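K.L.:
My numbering numbers the first residue of the sequence shown as 291 and each following residue consecutively.
No wet-lab data here; the hints were simulated from the structure.
Each hint should be verified, as a subset may be incorrect.
To be verified - Below 27 Å or equal to it, Euclidean Cα-Cα: the simulated DSSO-like pairs (lysine-lysine) are: (1) Lys592 / Lys576; (2) Lys403 / Lys450; (3) Lys449 / Lys403; (4) Lys462 / Lys514; (5) Lys673 / Lys639; (6) Lys673 / Lys709; (7) Lys709 / Lys592; (8) Lys514 / Lys639; (9) Lys576 / Lys639; (10) Lys403 / Lys709; (11) Lys462 / Lys449; (12) Lys709 / Lys600.
Quick caveat, the model's predicted, so the values are computed rather than measured.
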Amino acid sequence: MSLYSGRRLIFAGSLWCYFLLLARVSLAQDSELEILKTQLREMQQQMQKMMERIDQLEQERALQIEAAAQPVQPAVQSIPGALNPTITVFGNFVGRWDSRRVFNEDGDRISNKFNLREVEVDMRAAIDPYADGVLIASLESETPGQFSASVEEGYAVIKKLPFLDEPPLGLKLKVGRFRPLFGKFNVIHTHDLPTTFRSLPTAEFMGEEGLIQNGVSGNFFIPKPWDPDSSLDATIEILNGGDIAISSDARARMSYLAHLRWFRTFQDAHSLELGWSSYFHPAGNKVRSADFHGIDLMYRWKPLRQGEWKSFLLGGEFMFAPRAHPNASEPADVDRAITLRDLQPGRGKPYGLSLLTQWQFNQRTYAGLRWDYTTTLFNPGLKRRSLTPYVSYYFTEFLRARLNYEHRWSDLFTENNRKSMFFELNWVFGSHPPEPFWVNK
Numbered sequence: 291m292s293l294y295s296g297r298r299l300i301f302a303g304s305l306w307c308y309f310l311l312l313a314r315v316s317l318a319q320d321s322e323l324e325i326l327k328t329q330l331r332e333m334q335q336q337m338q339k340m341m342e343r344i345d346q347l348e349q350e351r352a353l354q355i356e357a358a359a360q361p362v363q364p365a366v367q368s369i370p371g372a373l374n375p376t377i378t379v380f381g382n383f384v385g386r387w388d389s390r391r392v393f394n395e396d397g398d399r400i401s402n403k404f405n406l407r408e409v410e411v412d413m414r415a416a417i418d419p420y421a422d423g424v425l426i427a428s429l430e431s432e433t434p435g436q437f438s439a440s441v442e443e444g445y446a447v448i449k450k451l452p453f454l455d456e457p458p459l460g461l462k463l464k465v466g467r468f469r470p471l472f473g474k475f476n477v478i479h480t481h482d483l484p485t486t487f488r489s490l491p492t493a494e495f496m497g498e499e500g501l502i503q504n505g506v507s508g509n510f511f512i513p514k515p516w517d518p519d520s521s522l523d524a525t526i527e528i529l530n531g532g533d534i535a536i537s538s539d540a541r542a543r544m545s546y547l548a549h550l551r552w553f554r555t556f557q558d559a560h561s562l563e564l565g566w567s568s569y570f571h572p573a574g575n576k577v578r579s580a581d582f583h584g585i586d587l588m589y590r591w592k593p594l595r596q597g598e599w600k601s602f603l604l605g606g607e608f609m610f611a612p613r614a615h616p617n618a619s620e621p622a623d624v625d626r627a628i629t630l631r632d633l634q635p636g637r638g639k640p641y642g643l644s645l646l647t648q649w650q651f652n653q654r655t656y657a658g659l660r661w662d663y664t665t666t667l668f669n670p671g672l673k674r675r676s677l678t679p680y681v682s683y684y685f686t687e688f689l690r691a692r693l694n695y696e697h698r699w700s701d702l703f704t705e706n707n708r709k710s711m712f713f714e715l716n717w718v719f720g721s722h723p724p725e726p727f728w729v730n731k
């Protein structure tokens, strides 16, 4: 083979190999291109889905922005009973036996009879963060079977003011109709008294049911850095005039009452409370001025070890006025004697004293003794006295019975040497009320 022929053969073989390689490369490129196209289509599909998701998120975001721009309505949370007042019903039943005939102020005989004396409905609720409300409606019976309806108390207690974080000196305002704070016992309702009836001085100076009046009352603490273990508070009240035994004329001018109370505990088991009260209304509207004053004291012993099983009370009230009041509204026994015997008014300074002592035998049984002495406002020369032993028994916190005896001595023939025995039953249903101070619970 010639050199030229050999070169041609080599060239032809090389050319053939080149075309084979080119074909393979072309095939490989076509295959990779298809793969790239497939991947591109998949990426386009994914991008399309992502764009759709972005559109959806943008729509949701726009809705959220629109909702946020609208005023938010606070969710109302309902608490069962939050706006309902606590309601308590009291019943007071008295059966009496008397050695002499007894008449009330209407002239009706009330001796030797049973009587549902009083039914009270007590409603209390928080009005708002600044005030509480109290309404006490009563059905009273002075003559058995005859009832009169009245609002005994209805008032709002303002605990603080919106523009003050804390009331100055713990000031609390009472606005409405209430029992003014004169002495220790006037603020106590009939069913919570330690005895069946109020004391003779209370009936003489304020009325047989005590003093109830419309007005405004403010109570506040007085700081005492010299004695941090005791408390001192004052109450100042502005009341309507009249409707009180010492000055019952409704034309009487506005009246004013002040009460100062000091309280201290000793060795944990002993406590002592002292108080001073003054009532005054000026002259005007053809009504003379009137004023009287009082001192009250209460000592209490409650041993720590015996808890609710033992206690002892000793205290009382002393009331006095600077002059006689011939136009005073006297209790029924006094008024009847004045009318029947045509008694004449006298001069002097009327005064009255009531002393009470009580011993707790066990968790349920209390026994006590009260001594009353008073002159009349009409004529301070006329004297009235009574001795009242009693026994109270707690069946439960909702049911209480009492046996009460009274012997009365008087310069008035209508009540002198009268002996009376009383059976009293008090019951409560509804919300449990706070116990009176003489109960050790």
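K.L.:
Confirm or reject each hint.
P.N.:
Verification of the supplied hints:
Under the criterion of a C-alpha separation no larger than 27 Å, the hint pairing Lys592 with Lys576 is inconsistent with the structure, at around 51 Å. The suggested pairing of Lys403 with Lys450 is violated, with an alpha-carbon distance near 48 Å, which exceeds 27 Å. A threshold of 27 Å between alpha carbons decides the hint, and for Lys449 with Lys403 the separation of about 45 Å lies outside it, so the pair is violated. For the suggested pair Lys462 and Lys514, the alpha carbons sit about 19 Å apart, so the restraint of at most 27 Å is met.
Between Lys673 and Lys639, the direct Cα distance comes to roughly 12 Å. Compliance with the 27 Å bound is thereby established for this hinted pair. Restraint check for Lys673 and Lys709: satisfied, since their Cα atoms lie roughly 17 Å apart, inside the 27 Å limit. Restraint check: the Cα-Cα separation between Lys709 and Lys592 comes to about 33 Å, which exceeds 27 Å; the hinted pair is violated. The straight-line distance between the Cα atoms of Lys514 and Lys639 is roughly 35 Å, outside the 27 Å bound, and the hint therefore fails.
Straight-line distance between C-alpha atoms of Lys576 and Lys639 comes to about 22 Å, which keeps the hinted pair within the 27 Å bound. In summary, the hint linking Lys403 to Lys709 is supported, as the alpha carbons are separated by about 15 Å, within the 27 Å threshold. Pair hint Lys462 plus Lys449 holds up; C-alpha atoms about 5 Å apart against a cutoff of 27 Å. Of the pairs offered as hints, the one joining Lys709 and Lys600 is violated, with about 31 Å between alpha carbons and a cut-off of 27 Å exceeded.
Of the numbered hints stated above, those contradicted by the structure are hints 1, 2, 3, 7, 8 and 12, listed in ascending order.
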